[in-house]
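S.K.: Spelled out, the chains give:
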Amino acid sequence: MTVRPVERPRRTFGTQIYLLEVWRGLAITFRHLFVNLGRHALRALGVKTAAPGAVTIQYPEDPAVLGRRARTRHRLLKRGDGAPRCTACLLCETICPAKCIRITAEDAPDPRIEKRAKTFDIDLGLCVFCGYCVEACPVDAIRMDAQDVELSAYTRRDMIWNMPELLGDVPKLPRV
Amino acid sequence: MSLALDQAAWTAAKVVFAIFGFGLGIAGFLGWVERKQSAVMQDRIGANRASIFGFRALGLFHPIADAIKMLTKEDFVPRGADKTLHALAPMISLGAGLFCLAALPFGGTVTALGRAWDLQPIASPVGVPLVLAVLALGAHGIVMAGYASGSGYGLLGALRGAAQMVAYEVCLAASLAGVLFLYGTLDLQEAVLWQVRHGLWGIFVQPLAFLLFLTAGAAATKRAPFDLPEGESEIVGYHVEYSGMKFGMFLMTDFVESIVICGLVTALFLGGWSVPGLNLPGMGALGGLLMAASFSVKVLLLLFLLMQIRWTLPRFRFDQLLDLGWKNLLPLSLLNFLATIWGIYLWR
Ligand code: SF4
Ligand code: SF4
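Chains as they are written, first to last, in our numbering: chain X, 1 to 176; chain F, 177 to 524.
Pulled out of the complex, with its shape left as it was, chain F reads as follows:
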């Protein structure tokens, strides 16, 4: 096989793994984690009835039952809805989230079988802005969904979503300015390598940026306490007019976006695929596996923390939400950026 073809096949394999294995796999698993974690912390048991041949497996079959239910439910499009946009919206949302997954650095470059294997599916010198930009594209899906359903509630939810996205995408990028300036790169892989070279995780250099990014990230995924665009208890949400698998795609989007945010945090603040004390790039195939494993474990731990926050805090009021974004997170991000620049300038 020619080298170019080989390369293309390897990239395709990586992308498929990132999207289907890592992304959708974890997203499905998160549905179970969400139920069980919230149940245990609220002194309940949680969904445990779905069974296969009498085996319940702690409710692990519920995501499968969910998927079957969503696939077989009636796909309802309300009268007055724009059919094309109505169908397109969830695809845009989910597609944008899934693309971001493929740009995460699951591992560095390892040498095995006489050639170098780069474990990042889509390597790009502008990885961070790329991921943030595509993630922000998901907001189009939300606005489209609200607009196309021909329902006032959907539209209100979409408007809330749009306002929230704009407020928090700004903070998302601004909070990263300092740390990226420090790393001197926009490439996710390079950012990880900087942390490996200096033996120092970003969270210790830029703790404030970590907090700000995590907060803004939680808001960007539209999950509680920032779930105003969905507002389940208020029946105002961009997806009120959705059912069946289209609704399922919106649900998936939330999980996928959470994974993307946690992946970004891992890469930029928690040393990415690196394990302190181990020289993974020099360990060949085993090193590659360990890289992917370490990255996944860090992402899962972060998801666990986000899930706990989601079930602990009550929802913000809408003005509080915008206040937090524009009046607190954004100025703090910019101050952090300025302080970082001054720090680097004085230190040099």
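Isolated chain X, as found in the complex:
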């Protein structure tokens, strides 16, 4: 473990009268202003500059940049044979603080597995994105890594995602 001592900036006469500090701050902001203005101007003229004049991502036109581990929309995972991993243990439904998961169970054809989910709905209009469901799942059947954050819909019913949609088997389309 390394401890890096950081010296507290000392209050000298120079910093106390503040005027010098104002100038130093202004020097930084002016530098940014003129450097960026120059870059914008050069790029508008078609000259390539080392860096763009702004770090802004024009979001709806350019895709959002998400971290690989960003907590995004839920996704249900499948086993090797293509069946959903979920065993309908209802742990996620139980722990969900927003009570937005609704699961109905049925018998699984595989005798080694007791149950499986018949329906699995998550109401994203209620979900608070706490991630507890992911933590609670004993078989790693649900994750929040779909890399999808554009979840708006025109009706409340369209905010509910059912099992095929969460599995990625069918695309999410507005219901008519």
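Source of the hints: derived by calculation from the structure; they are not laboratory data. Cβ coordinates follow ideal geometry from the N, Cα and C atoms, glycine included. Wrong hints could be hidden among the right ones.
[Unchecked claim] Pair ranges (Cβ atoms, derived):
hint : chain 1 : residue 1 : chain 2 : residue 2 : range
1    : F       : F196      : X       : T49       : 25 to 33 Å
2    : F       : G453      : X       : V47       : 34 to 42 Å
3    : F       : G204      : X       : A136      : 49 to 57 Å
4    : X       : L20       : F       : S227      : 37 to 45 Å
[Said to hold, decoys possible] Residues from chain X shown here face chain F by an in silico Cβ test under 10 Å; the list is partial:
hint : residue
5    : T12
6    : F13
7    : T15
8    : I17
9    : L20
10   : V22
11   : I28
12   : L37
13   : A54
14   : V55
15   : T56
[To be verified] In silico contact screen, one side only, chain F against chain X (beta carbon under 7 Å); selected entries:
hint : residue
16   : V216
17   : M217
18   : D219
19   : I221
20   : T488
21   : R491
The hints should help you fit chain F with the ligands onto chain X, whose structure is shown.
M.R.: Showing chain F with the ligands alone in chain X's frame:
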């Protein structure tokens, strides 16, 4: 047309131009400058989505979109508010600021079409105290707004505003004492003419007074780093209970007051409408245009500097703010005044 009527029409035209063309025009433009300048210096792009027929024009349409939004928003008056005062407050604030604009010397006197044209809308032998007094009237609007909204937050903001105004209006006047003593006049036009006659801008004669006045002026306009009366991030502000165009008027007031302060600085410290090396009063109509242009350019440059300061410095704490006003700016202003008097006395 009789001469008197002619004169009245000319004065009215000047006042209208000063208030609507210069004041509100620049104030609207400042809304765009504020967004874009802060964006570029923070490596961002800034508001650029408002468009007319697909043209975005670097976001220049945003002030128009703002105005439309403010005009069409619900004008909400909270229960428990004093309706009359609530409506009156923004008008007093904005009105006081706009009046000051009309007293600025946009230019000297030029001769064209066989008569003399004075380019200052409202010429007064007591121009400086007049502008400062009317500017201080704006504080009434603030206190009224806080008091009339029937909200504790509004009242707190208003009290802060009142304390700040009192502290800084004093410095505003005191810092000018020295320079006015030097010019030997209270008339803004005469002050400019003194600088023209001596070929010397006030900032070189009285650099300390310039700094003090600019600081106190920035505080008087209630913009960051002195924006405690508004305190956006603390939700304590005299205009928390305002919406729609009434709120828009308060926003405008800040810009208009900035313009007034920059106009005063230009007139008193930066040679007003004069351009070094040019004899503008002798150039007829062209000279008049150049005067107004030179004055406007100087004001715009100062506004640019103030805007940069506003986006560079963090907000002061309230005790620091009052300390700065009462314990630093005021004594320095008075010392500067004394030194000026002694200087003039010894020099004579
Ligand atoms: S993230 Fe939280 S709120 Fe959303 S479904 Fe999972 S447990 Fe419920
Ligand atoms: S916790 Fe996992 S296995 Fe249990 S119901 Fe939820 S998703 Fe299915």
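S.K.: Close enough to count: is the Cβ of I28 (chain X) nearer than 10 Å to one in chain F?
M.R.: Holds - the Cβ of I28 (chain X) comes within 10 Å of chain F, reaching about 8 Å at its closest.
S.K.: Once the shortest beta carbon distance from L20 (chain X) to chain F is found, is it less than 10 Å?
M.R.: violated, 13 Å
S.K.: Would you check whether V22 (chain X) satisfies its interface hint, that is, whether its CB is within less than 10 Å of any CB in chain F?
M.R.: With a closest approach of 7 Å, the V22 (chain X) hint holds.
S.K.: For the hint on V216 (chain F), just tell me whether its beta-carbon gets within less than 7 Å of chain X.
M.R.: holds, 5 Å
S.K.: Taking the closest Cβ pair, is T488 (chain F) under 7 Å from chain X?
M.R.: holds, 5 Å
S.K.: Does I221 (chain F) pass the interface hint, meaning its C-beta sits closer than 7 Å to a C-beta of chain X?
M.R.: holds, 4 Å
S.K.: Against the range 34 to 42 Å, how does the distance between the Cβ atoms of G453 (chain F) and V47 (chain X) compare: consistent or not?
M.R.: holds, 36 Å
S.K.: Measuring from the C-beta of T15 (chain X) to each C-beta in chain F, is the shortest one below 10 Å?
M.R.: Violated. Min distance 14 Å.
S.K.: Under 7 Å, Cβ to Cβ, is where R491 (chain F) needs to be relative to chain X, so tell me if that hint holds or is violated.
M.R.: violated, 13 Å
S.K.: Does the closest beta carbon of chain X sit nearer than 7 Å to the beta carbon of D219 (chain F)?
M.R.: Hint holds; D219 (chain F) Cβ to chain X Cβ min 5 Å, cut 7 Å.
S.K.: With chain F as the partner, please determine if A54 (chain X) meets the hint condition of a C-beta pair closer than 10 Å.
M.R.: Interface hint status for A54 (chain X): holds (5 Å vs cutoff 10 Å).
S.K.: I17 (chain X) was flagged as interface toward chain F. Is the shortest Cβ-Cβ separation under 10 Å?
M.R.: holds, 9 Å
Checked against the numbered hints given earlier, this structure breaks hints 1, 5, 6, 7, 9, 21; the rest are met.
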